[in-house]
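Chains as they are written, first to last, in our numbering: chain W, 1302 to 1620; chain A, 1253 to 1760; chain L, 5 to 410.
For the record, the hints were derived by calculation from the structure and aren't laboratory data.
C-beta atoms are modelled at their ideal positions from N, C-alpha and C, and glycine is treated no differently.
Incorrect hints may have been included.
To be verified - Now the stretches of chain W that chain L is said to cover, found in silico as 3 or more residues with beta-carbon under 8 Å: (1) 1392 to 1401; (2) 1408 to 1419; (3) 1582 to 1589; (4) 1594 to 1608.
What the hints assert, rightly or not - Per label pair, the in silico range of CB-to-CB distance: (5) 1475/W <-> 1383/A: 21 to 31 Å; (6) 227/L <-> 1585/A: 18 to 28 Å; (7) 1376/A <-> 1554/W: 26 to 36 Å; (8) 1603/W <-> 1734/A: 24 to 34 Å; (9) 1461/W <-> 1264/A: 58 to 68 Å.
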Amino acid sequence: MNPIIIDGLSFALPLLIIAIGGIFSERSGVTNLALEGLLGFGAFTGGLCFVLITQILPMDSAVAFYLSFLAAALGGCAFSLIHALLCIKLRANQVISGVVINIAAVALTGFLTVQINTLAFAGASNKFLLTTAPRFSVPFLCDIPVLGAFFTKLYPFQPLIVVLAVICWFLLYRSRIGLRIRACGSNPQAVDAAGLSVGRIRLFAVAASGALAGLGGICFAYSISANVSPSIYFGGGFLAIAAMIFGNWKLVPTLLACLVFGFARSAASQLVLLLKMDSSVTDLAMIVPYALVLVLLVFFSRNTRAPKALGEVYDKGQR
Amino acid sequence: MPQAIIELRHISKSFPGILANDDISLTINQGEIFAILGENGAGKSTLASILFGMYSPDAGEIWLRGKKTNITSPARAVELDIGMVHQHFKLISEYSVTENIILGDEPLRRLAGIAGLDRKAAGTRIQELIDCYQFDLAPDALIEDIGVSSQQRVEILKMLYRSAEILIFDEPTAMLTPQETERLLAIIRRLRDNGKTIILITHKLEEIKLVADRCAILNHGRLIEVFDVASTSTQTMANRMVGYELNLNIKKTPPNFGRPVLEVSDLTVYDALKVKRVDAVSLKVHAGEVFALAGVAGNGQMELADAIAGLMDVHSGSIRLKGEEITKTTARRRACAGIAYIPEDRQQVGLILDFTVSENLMSKSYFRPPYCKGPFLQTKAAARLAEDICQRYDIRSAQGVATLVRSLSGGNQQKLIVAREIEAQGDLVIFVQPTRGLDIGATLGIRQRIIAERDKGRAVLLISLELEEVKALADTIGVIYNGRIAHTAPASEVGMKELGEYMLGVRK
Amino acid sequence: MKASRRLEGLLVAGVAVLLALLVISVIILAVGKNPLLVFSSLLQGAGWLPKPKYAGGRGVLTDFMGLLDAMTPMLFAALAVAIAFRAGLFNIGVAGQMLAAGFLATVIVGYSPLTAVLAKPLVLLVGLAVGGALGAFVGFLKARFNIHEVVSTIMLNYIVLYITSFFIKSYYIDPVSRQSRAISSEARLTLMNVDLGGLSSRLPLCFLLAVALAVLFYLLLARTRLGFEIRAVGKSRKAAQYSGINARRTIVLSMALSGCSAGLAGVTYYLGCFNSILPAELSNIGFDSIAVALLANSNPLGSILSSLLITTLTYGSNYMSSTAGISEYIASLMIGVVLLFSACGGFFQYLLGRRRKALELDKEATGGAGIGTGGSSGSSNPGAGAGTGDSPGSEYDQDAKAAGQP
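One chain only, chain W, in its complex shape:
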């Protein structure tokens, strides 16, 4: 039971922060299928920051570890500006722009990783090696039966994500910018009439989604593979989008969806272990979250209420 919760949580929380990124963007009216690419680019800049600091500067890996999160958020944010530019300024189809950014991110991070490894570290590897993140347990709390697993063997980024999620909740539902973001996704004409700039609000929302997705990306890089490589594009961004849809573009239900995905994933792999099955069966267990998404979508897609102006190019001229 415990490993299911521990592994599930360590998968669900990065997923959540990416999904929250999606909520920011989509509640402002910008469809964001670019999350996958954004998380990959964020992981890339984060990983780059880590290897630069640890290998070039003789610095403590703990400092590098924390700085890499900042770098990941900045990288994701920067890359998301392309999406913002395409969708807000250049009136591109938002779905196409998202997919294009995903493809561009795979290509760009691959190219840059090899290029940088060749230049700086004299090896044409397509990976940045990270250290495995230190894990910790919360004293006392981790001893509670069953529930204690929620406080056991945590990655340092897990509490960080929880704090961030609370801040995001506040931003979305209790702050000025949140009111404006959600208004943009519902009726941008009204926002414009209130004397606000729809473009600027959406820019902020998309940039925020980039930063959050980038953060989620580096978390995945630390927790899943301890390196940044093309395998970071395992569909986490799309799982996050699915979670957001189940969550009806609302934060708390999205959290629940992420937990379901995370626990389903860890339960499936625990099952393979438990039944002492061949390791190739793990491949089958990997299907579980993706298949679960499809099955759940069958039941939930009908009742979703997407933001009204989602995907629409806002044209000031059209009143």
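Here the structure of chain W is known, so what remains is to put chains A and L in place on it, guided by the hints.
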């Protein structure tokens, strides 16, 4: 001595092909109700948009409170204490009244250094305004749950909350019943008495007579004259307003009813969110009859039209066309059986904007000869037919039938839909909001077309939110309220006032 | 008029490619190489320009035939993306559909003792059927449950990936190559080492089939009832439903067509260009084809040109990286940049369109319309107003709304 608050000097504004405002100069005084009167397309909305910073004039100056001012954006206008109630409200339907009002000017409260919304302060301020002007609104109600006239009061509150001193109303009574109109005019008067300056844009003379102090008449973008309302007779104003304009009155011969074409009985329809929209509606439309359904927006009339045309599932009840049961058939079957449908939303529903004129003209009959032979489209034949239709219905496009419909003007787009539907030679034609947003020439043309179809012996179901249109065209009037038919009567037997009461659900 | 719009599309694509080349040149310069050298070695690798020297029995024709071989699945895949695009659907599951089709064709036909006459058509049939079924399934999910096709196809990609990986690793693995066992040459859709005028070369049997399918799709869209329905649903689902078109049926059908084409891409890739499958790996073609379709503005005929271009980039990159000493990733980066610029294509067209509209309104007005259009205050645009009083969500309204969203 009245004090000028706004002075327009030689304002001109043109759009491609149209000179919307042509050298307009006028002065608006502090604390008066200044009406701008003109037919659709006379340029009054453009003038208001310029005052609110939505357009910048091509030429001319605006002097505000004695200073030359550039109103570059709505935001700037708000800073200058100018507010505007748009014809189409700018509200967020899932937000509360309070949230809609504070959007863009939110009061903040610091909590441990973090600035959050101060809903309490906002609520108090708004409640004060509501009480002051007797608005009868609940600050916490969601916009989607309140009626059109309440929504309009929210729009007014938005301006007052930003302490606007100059309030622009763009056609505020277009969607209101006579009773609601009266109430609005009272509010406008109260605002004036509180020292606000009101600019009222309208094409309804009687409203001006009731509230306005002075009135400017626009025609074809030019300022005709400014009147002192109290000392000018309605007749004089009417003459000046219409000028050489077309007369909107339609000549109508007495109706000659035939057999019933459309029979709807006990029809109930739910929307996708399982909300009951149409509730046990029964009605009959005969050949040679214009049955007009009046009602305030959102009372189920659009859903009723969709259900009859086969675009929404029927929950219970039946629809019969020429005696034949069609309740469960597809939209295509019904179209073939003789239902023509001019939908409310021309651009999203009635047309495929990125298709050409000729493709749109065949969009309901592409699957049968002469447009189609076996599985193959006959594009050349279609183009020839389309050219003929364009000529007969006077549909103008820059590059003939290969023009994308997106680049047609609103009037020509609507003419295209009407042409297509009428060419289908159906026995029943459903018109929904057929003249909304059209200029006067196009409006007149469409209205004449409706009567012509009636005279040809077709049954016409007209759904309109404009009472004036209903009165002008109907042989029989039904009023829909809350998804139910509240009243049905021959057009000659009901007055405007009575209709308004049914529309509001006051009279049952 | 139509011709001028098409020309405009070509212009936009050309500008996108040129801009992309420019950006890539800057990047190449930045890593200290000569862009001209890089590009010419790219063209040499792709068989457009002769290389300085060739191994025995090989020549520029060898490379060019190799290019056509690589282009075959690319064109099929691009057509899959294009036809779905025209129906307003975004099939980014081409890679998964390819893999599923390739895997099943490998298992069913590739390992069978059938002779070429039977095996080759059967491979194509399996490809059509598997791809078509997967595509139709996605279309069904969209039409029936309103599941956004981008999400469902991505999920299916991973599901297919892991299932095939499991079976290949468990049952069909070649212990040396760590790939699936090679298929019989009877089933392979590309003939190897064919003697063409003294040069040994590949012969892609399905290349002409791919070109024919492009023409077929073009005619289908432009000249048939079904094509009209597909385009109508793609441009506006609401309006199509209003016109009496069964949008759900059309969506399933067009996704099935798209899947069929993707299936053909799969078999010509895994049982043509290659003869085995690398487990747990999706082909890049599935994603590069999006660039091809976008660049062609979803025109099937244009896809022929643009797939030739994109394949030149991918196919030539191998030789380029070995001779010019630059990472192969530059090719995929180039595709990425081409994609970015073609995604902006809409903006260029919008600018052109706005100019055109202004001109047309002018003409219309001078044509004697006489009366202005409502002061242009936009009252003629009920769709954009999102007026709160408008009928809140009738059923088909809801469906169509979701069309642009995940």
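Here is how each hint holds up against the structure:
1. 1392 to 1401: holds (count 9)
2. 1408 to 1419: Since 7 is at least three, the answer is holds.
3. 1582 to 1589: holds (count 5)
4. 1594 to 1608: holds (count 8)
5. 1475/W <-> 1383/A: 21 to 31 Å: Holds: the Cβ-Cβ distance is about 27 Å, inside 21 to 31 Å.
6. 227/L <-> 1585/A: 18 to 28 Å: holds (26 Å)
7. 1376/A <-> 1554/W: 26 to 36 Å: holds (32 Å)
8. 1603/W <-> 1734/A: 24 to 34 Å: Holds - the Cβ-Cβ distance for residue 1603/W and residue 1734/A, about 27 Å, lies within 24 to 34 Å.
9. 1461/W <-> 1264/A: 58 to 68 Å: Given range 58 to 68 Å: holds, Cβ gap about 60 Å.
Hint compliance for this structure: no hint is broken.
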